[in-house]
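Colleague: Here's the letter readout for the chains.
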Amino acid sequence: MKWYITKRLLMLIPVLLGTSIIAFSLIHLAPGDPARIMAGEHASQQVISAITQKYGLHKPLYIQYGIWLNCVLHGDMGRSIISNEYVIKEIFDRFPNTFELTFFSMVLAIIIGTFAGIISASKQYSTLDYTFMGLALFGVSMPVFWLGIMLMMIFGVYLRWLPISGRIDILIPFQRITGFYLLDSIITGNFAALISVLRYLILPSIALATIPMATIARVSRSSMLEVLRQDFIRTERAKGLSERVVIYKHAVRNAMIPVITVIGLNFGLLLAGAILTETVFSWPGIGKYVVNAVRMRDYPAVQGCILFFAFMFVIVNLITDIIYVYIDPRIHYK
Amino acid sequence: MSILTQEFIINKMERKRETRTGELIRRFKYNKSAVFGLVVVLILILCAILANYIAPNNPTPSPPELSNSLKPGFWSKDGIKGMPLGTDMLGRCVLSRILYGARVSLRVGFVAVGIALLLGITLGVIAGYYGGWVDAVIMRIVDIMFAFPALLLAIVIVAVIGQGLSKAMIALGIVYTPQMARIIRSSVLYIKEMEYIEVQKAIGSSNRRVILRHVLPNSIAPVIVYGTLMLATAILDCAALGFLGLGAQPPTPEWGAMLSKSYSYIVSGAWWAATFPGIAILLSVLGLNLLGDGLRDILDPRLKT
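Protein chains in written order, with my numbering: chain A, 1 to 334; chain B, 335 to 639.
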C-alpha cells in the first residue's frame, strides 16, 4: 500500500512537469516580446528590464524555464498585470470560494446521483426509473451556463426566493478568518451569516452539480443492475434477507467502484463547469478569475491558474486511485 | 477458378455485405432514442443548410433597429409580427439568429472534430501500431493534456492564439485530439493482434499498406461513434466559449454569445432572448448524444458501458 502510494506520487512528477512546460510556453507562444507580455502593455521600460533580468529572458530557453520553475516552486508566479498583486495571493484569495462551490456541488451530485441510480436500478423499467433516466439524459446534455441563467431567472427574478449573485448579503456583518465563508460563519457562531451564505450557495451549486449528478446516476444504475444480476444476490434473496438489506448493505457496496471512477473523472468537468457557473453567478472564484485574465491578456495570472487547475486535477485523481484500494480490497496494485 | 465461379463468389459477398448493412439499419430502427436523436440532428442540419430560406428576418441587420429592442414573441400581444420568438436587445429576430446559429455551431463542430480526427487518428495509429518509445512519448503527451479539463485547455489555447470563431475551432480541435488518439490507439492495439494482420505481414505487405488498407478501415466504428459524441461536446464547448466572450464575436449569431449578451436582461423580464438559444443548444447536444449512443450500441457492442 505504502509502495503503491509512493509510486503514484512519483508518477505525478512527469505530468506536473509537462503541465509546467505548457504554462511556461504560454508566454513564449503568445505573439509579442515575453518581457512585455509579462509586464503588461503599459509597463515602463524599467519594469520590463527588471523582468528580463529576473527571468533571464536574454538567456537560452531551457535556462529560462529553469529560472521560472525555480520561482514557481518558491511560490512566486509573478504579478498580475491588471491588479499588480502577486498571482499566488490572488489565487489563494479565490480558492476558498471555488472550493466551497465545487465541494458543495460534488456532495449534492454524489448524494442525489447515487440515490437516483440505486432506486432506478432496484425498480428497473418502472415509471420512476424512466423519469430519473430521462432527467439524467437531459442533464448530461445540459449547457451549464444556460441552466444557471434559467435557475437565476426562475428562483431569483420571478419567485424572488434566492439571491442571484455574490457570496453573502453585504448587510450582514461578517468576520473573515480562513476565507472559507461557510467555515468562518460556523467558527464565529454567526448564524445569520451561515444562512445567508447557504442561500447564496444553492443556485450555483445546483447548476454546477447537474452534469456530474446525471452521469453518476447513469453509471450507478448500470453498475447496480450488473451487481443485482450476480449469484450472491440471488443467494441472499433466497436465504430470505429483506430487499432493503440486499440492496443497501450488499449490492450498493459492490456497485460503488465504477461510481467512484466516474466521480474522479467528473472532477475535471466540474472544474470546467465552475469556470462557467462562476461567470454566470459572478462568483468570486478562480474560474471567473481565469476567464477575466484571458480576456484582459493577463498572462501571469493565466499561467498561475493553469498550474493551479492541473495540480488540483492531478491530486483528485490520486485520491480517487487511493480510495479504490480502501473500498475494494480485491484490487491489488503491483 | 472459372469466371462464373468468381462472379458467384463476388455476388455472394456483396449480398452478404448488403444484409449486414440491412441488419444494422434494422437494429438502429429498434432503438427509439437513437432514431429520435437522428431526427433532431437531421432537423439541425436542415436548419443550418436552409437558414437563408427559412429564417424570417436578417439575423444581423445593420444598423440595428433599436426601436424593436426586447419585444416579446407570439405569446404576447406586444410582439412584432414576423418575429415569432421575440427580439433581443438590439431588436434582432431571435428565431432567425437561432437558425443561423445552427450553421455556426455545426461548422465549428465539424471543423473541430475534423481536426481532432486528423491529428488523433494519425497519432493514435502511429502509437498503437508501432508501439515502443514512439507510443510512450505520444501517450505521455496525451496524459499531460488530459490533466486539464477540456474547456480550460481550450481557454488556454485561445489565450495564446487569440479570440474569435475560427480560433475557437482550432482550439477545440486540438483539445479533442488526445481523446481521439487514445480511442484509436486502443482500437489499433486490438486489431493489430488479429490474424488477418499477421497474414498481411507474412505475405510482405508494407506497414503503410497494412495501416491504410486493413487497420484503419477496421477501426472505423469507434471513429463514427466517438466522432458523433465529440460533435455534441464540440457544440457545447463552442457555446461555452462564446458565452465567455472568447469564441464567436458580435454580431455573429452564435448560441452561446447570444446567451451571454442577453442574460442580463432577464431582470427586466425579457426572458425569451436568453431562453431559446439555450434550448437550441440543449436539443442539438441531446440529439447528437442519443445518436452517438445508438450508433455505439449497434456498431460496436464491445464499447457499451
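Worth double-checking, as some hints may not be accurate.
The calculated label-pair distances, taken between Cβ atoms and stated as ranges, are [what the hints assert, rightly or not]: (1) B:I388 / A:Y125: 33 to 43 Å; (2) A:T261 / B:L546: 44 to 54 Å; (3) A:N84 / B:A555: 32 to 42 Å.
Sample of chain B residues with no beta-carbon within 12 Å of chain A, all distances over it, derived [claimed, not checked]: (4) D477; (5) I537; (6) L578; (7) T586; (8) V619; (9) D627.
Simulated from the structure, these hints should not be mistaken for laboratory data.
Every residue, glycine too, gets a C-beta built ideally from N, C-alpha and C.
Colleague: All hints, please: hold or fail.
Modeller: Results for each hint:
Between I388 (chain B) and Y125 (chain A) the Cβ separation comes to about 40 Å, which falls inside the hinted range of 33 to 43 Å. Taking 44 to 54 Å as the suggested C-beta distance range, the pair T261 (chain A) and L546 (chain B) does not conform, at roughly 36 Å. For the hinted restraint 32 to 42 Å between N84 (chain A) and A555 (chain B), the CB-CB distance of approximately 55 Å leaves it violated. Look at D477 (chain B): its CB is around 6 Å from the nearest CB on chain A, not clear of 12 Å, so calling it non-interface is violated.
Its beta-carbon lying about 39 Å from the closest one in chain A, I537 (chain B) satisfies the requirement of being farther than 12 Å from that chain. With a least beta-carbon separation of about 5 Å from chain A, L578 (chain B) fails to lie farther than 12 Å from that chain, contradicting its non-interface assignment. Separation of T586 (chain B) from chain A is adequate, the least Cβ-Cβ distance of about 17 Å exceeding the 12 Å criterion. Listed as outside the interface, V619 (chain B) is inconsistent with that label: its C-beta sits roughly 4 Å from the nearest C-beta of chain A, within the 12 Å cut-off.
Its beta-carbon lying about 9 Å from the closest one in chain A, D627 (chain B) breaks the requirement of being farther than 12 Å from that chain.
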